[in-house]
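K.L.:
Take these sequences, add in the hints, and give me the full structure.
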Amino acid sequence: MSLHVLIAVRDATVLEYYRVFLAWEGHTVETAKTGISCMARMRSEVPDLLVLDSDLLWGGEAGVLAGMREDPDLAAVPVMVLTNRPEDGDIACADYPPIRAYLPKPLSPQGLGRAIRQLAAAPREPATAASASWFG
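Residue numbering for the sequence shown follows the working numbering, starting at 30 and increasing by one per position.
Simulated from the structure, these hints should not be mistaken for lab results.
Hints may be right or wrong, so weigh each one.
Unchecked claim - Beta-carbon label-pair distances, calculated as ranges:
no., residue 1, residue 2, range
1, Asp100, Ser137, 26 to 34 Å
2, Lys134, Val49, 13 to 21 Å
3, Ala149, Asp102, 15 to 23 Å
4, Glu74, Glu99, 28 to 36 Å
5, Ser137, Pro101, 29 to 37 Å
6, Met30, Leu86, 27 to 35 Å
To be verified - EDC-like, lysine to aspartate or glutamate: derived pairs with alpha carbons at most 20 Å apart:
no., residue 1, residue 2
7, Lys134, Asp84
8, Lys62, Glu74
9, Lys134, Asp100
10, Lys134, Glu45
11, Lys62, Asp77
12, Lys62, Asp84
13, Lys134, Glu74
14, Lys62, Glu45
Ideal Cβ placement from N, Cα and C applies to all residues, glycine included.
P.N.:
Next comes the structure, spelled out in structure tokens:
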């Protein structure tokens, strides 16, 4: 299944690795390096999935999630959070159900592709704090 994926990661090298790999897998991929550019890209074209770095600059993870919450067109976009803090899964999910998974950093492009395939294959049910997955 081909998805329109927006990847928001602050590290340009990692961002490019992810972009190239996911495009090779057949996905349409857009990228952003800041919270501001992430929100601008989502507002211009709503993605099927957002891969969000927990350490994103200029707005960060919390700012992007807050902006999504306030925009009815973006509120249901599934989110996968890249983090090196496993405890994030205990905090943000309760406040923001569209978070579908927490992925450990560093994560290989193949690991991201595998997580996206698992998410795409899962039933489309509303997420809850208990249903978000920790891959890794």
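K.L.:
All hints are to be evaluated individually against the structure, with a verdict given for each.
P.N.:
Taking the hints in turn, this is what the structure says about them:
1. A beta carbon spacing of about 32 Å between aspartate 100 and serine 137 agrees with the range 26 to 34 Å that was offered as a hint.
2. Between lysine 134 and valine 49, the C-beta spacing of about 18 Å keeps the proposed range 13 to 21 Å intact.
3. A hinted range of 15 to 23 Å for the beta carbons of alanine 149 and aspartate 102 is consistent with their spacing of about 21 Å.
4. Against the hinted window of 28 to 36 Å, the Cβ-Cβ separation of glutamate 74 and glutamate 99 comes to about 18 Å, which falls outside the hint.
5. A hinted range of 29 to 37 Å holds for the C-beta pair serine 137 and proline 101, which are about 35 Å apart.
6. In this structure the hint that methionine 30 and leucine 86 lie 27 to 35 Å apart at CB holds, the actual value being about 31 Å.
7. Between the alpha carbons of lysine 134 and aspartate 84 the distance comes to roughly 11 Å, so the proposed pair stays at or under 20 Å and holds.
8. Restraint check for lysine 62 and glutamate 74: the C-alpha separation of about 17 Å stays at or below 20 Å, so the hint holds.
9. Using a Cα cut-off of 20 Å, the hinted pair lysine 134 and aspartate 100 is violated, with the two alpha carbons roughly 28 Å apart.
10. With a C-alpha separation of about 15 Å, the suggested pairing of lysine 134 with glutamate 45 holds against the 20 Å cut-off.
11. A C-alpha spacing of about 18 Å is found between lysine 62 and aspartate 77, which places the hinted pair at or below 20 Å, so the restraint holds.
12. This hinted pair checks out: lysine 62 and aspartate 84 have alpha carbons roughly 10 Å apart, not beyond 20 Å.
13. With a C-alpha separation of about 27 Å, the suggested pair lysine 134 and glutamate 74 falls outside the 20 Å cut-off, and the hint is violated.
14. A C-alpha spacing of about 11 Å is found between lysine 62 and glutamate 45, which places the hinted pair at or below 20 Å, so the restraint holds.
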